[in-house]
Structures are given as structure tokens and as C-alpha cells.
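S.K.: Residue numbers (this note's numbering), protein chains in the order written: chain C, 1 to 110; chain F, 1 to 114.
Careful: at least some of the hints might be erroneous.
[Stated by the list, open to error] Label pairs and their computed distance ranges (CB to CB):
{"id": "1", "chain 1": "C", "residue 1": "Pro7", "chain 2": "F", "residue 2": "Lys14", "range": "38 to 44 Å"}
{"id": "2", "chain 1": "C", "residue 1": "Gln79", "chain 2": "F", "residue 2": "Gly63", "range": "39 to 45 Å"}
{"id": "3", "chain 1": "F", "residue 1": "Val88", "chain 2": "C", "residue 2": "Val4", "range": "21 to 27 Å"}
{"id": "4", "chain 1": "F", "residue 1": "Lys14", "chain 2": "C", "residue 2": "Gln2", "range": "40 to 46 Å"}
What the hints contain is simulated information worked out from the structure, not anything from laboratory work. Quick reminder that beta carbons are idealized off the backbone N, C-alpha and C, glycines included.
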Amino acid sequence: QQPVQSPQAVILREGEDAVINCSSSKALYSVHWYRQKHGEAPVFLMILLKGGEQKGHEKISASFNEKKQQSSLYLTASQLSYSGTYFCGTPENAGNMLTFGGGTRLMVKP
Amino acid sequence: NAGVTQTPKFRVLKTGQSMTLLCAQDMNHEYMYWYRQDPGMGLRLIHYSVGEGTTAKGEVPDGYNVSRLKKQNFLLGLESAAPSQTSVYFCASSRLAGAINEQFFGPGTRLTVL
């Protein structure tokens, strides 16, 4: 079942903060976050695993609440380069493929 | 390293025509995936492969076939294209299981079926 992302879209000024949420009706093994700029391929941001481990290489933080079956992506002091569509992806277990949410479109204005 | 490459970048087909999309990766990844992305929507998994010679159905496999004869290549075939298959197709690969490993995406193929 597809995870649900909120909000669907957000507009920020440079330097402002944003939070993007990803919720699932099923228990989560991990949550993945990707960013896609217009006309380009999705690019990996981070993976959050059960137990608190995080894997990522971007200066973006996220949380994973296993009990609530949701994850939040925190974009602080946003830059113009943060603009794009953010997708979360969730598997049901280690062997499952990812199911992606519908995306959150983020626009950062000068 | 080129990463993940896709051929062609654009294609226009008439209803009923067939075509093959090629995906190649040079990272020695075991897992490969084909997704489709429709306007304003997320990525939906069509088929995937967990290793050379193996394939499996994803969320939306109808109307597509795949093959993974070589570890580095993953082919997506449309036997009889329909307008509903108009979409952007992305190939991706990961070192191991997608649930715990980063996926690397190709640049995409924009397909229009008239």
C-alpha cells in the first residue's frame, strides 16, 4: 500500500524551514527519502532503519517513528537548491521492494 | 563510472507497436528495477530483478516484459504499446536488497504512445 505524504506542496523563502511527513498504514522496516528535480532522475537522500540507524550523505535530517508508522524529513535554513519533489519509499520488510508515496513538491524562492 | 544509463531518451510509438528499453549499470549491482512515473505522481514498480537470470513482477507489470541475461543489463519490453503506457520510465539499481540499500536511478526514457 502506498505511503501517504503531506503536505502535497509547500512554498518557502530562502532560509525558512520545512517538514515533510510520510505515513504508512502498515508496519515499517525502513523509510527512504529521495529528491527529484524537474526533468531529472530521483536522487537518494537517506534511509532510516528500525532501531534508529540512518544512512545518508545529505545535510538533511529525518526522524522515524516506528510506533506511529511515520517518518518526517526536516529541511532547515532552506536553499534554492532544495527545490524539487521529495518522495518517501517504504518496504514491508528487508526483502521487499519499495513503494513510493505521491511526493511533496517543494519550491524555495529567493 | 557512468552509473545507470538508459536508451533511448525519448520515443514516440503508435498503438500496437513494440519496443525495448535498455538499462545498463556499471556498478556491479545485483538488484535492478524498472519504474514508471506519470505526471504529478510517484514512482510505481513495474518489474525487478535480484540477479542475473532472475526477474519478478512489481506493482504494475501488465503489458510489460523484462529480461536480465547479463548482470549489467535489464531490458524492458512493450509487446503491443497502448496510450495508457505513455509515461516516463526510470531504471534503477542497488547493490543489494532495495529495502536497505540506496537505489541509483538512470536519467529516464520519455515514451509517448499515440
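S.K.: Now tell me if each hint is right for this structure.
M.R.: Do the hints match the structure? See the list:
Checked against the hint of 38 to 44 Å, the C-beta distance between Pro7 (chain C) and Lys14 (chain F) comes to roughly 40 Å, which is consistent with it. A hinted range of 39 to 45 Å holds for the C-beta pair Gln79 (chain C) and Gly63 (chain F), which are about 41 Å apart. For the pair Val88 (chain F) and Val4 (chain C), the beta carbons lie near 22 Å from each other, so the given range of 21 to 27 Å is met. Taken as a hint, the range 40 to 46 Å is violated for the pair Lys14 (chain F) and Gln2 (chain C), whose Cβ atoms sit roughly 32 Å apart.
Hint violations for this structure: number 4 only, all remaining hints satisfied.
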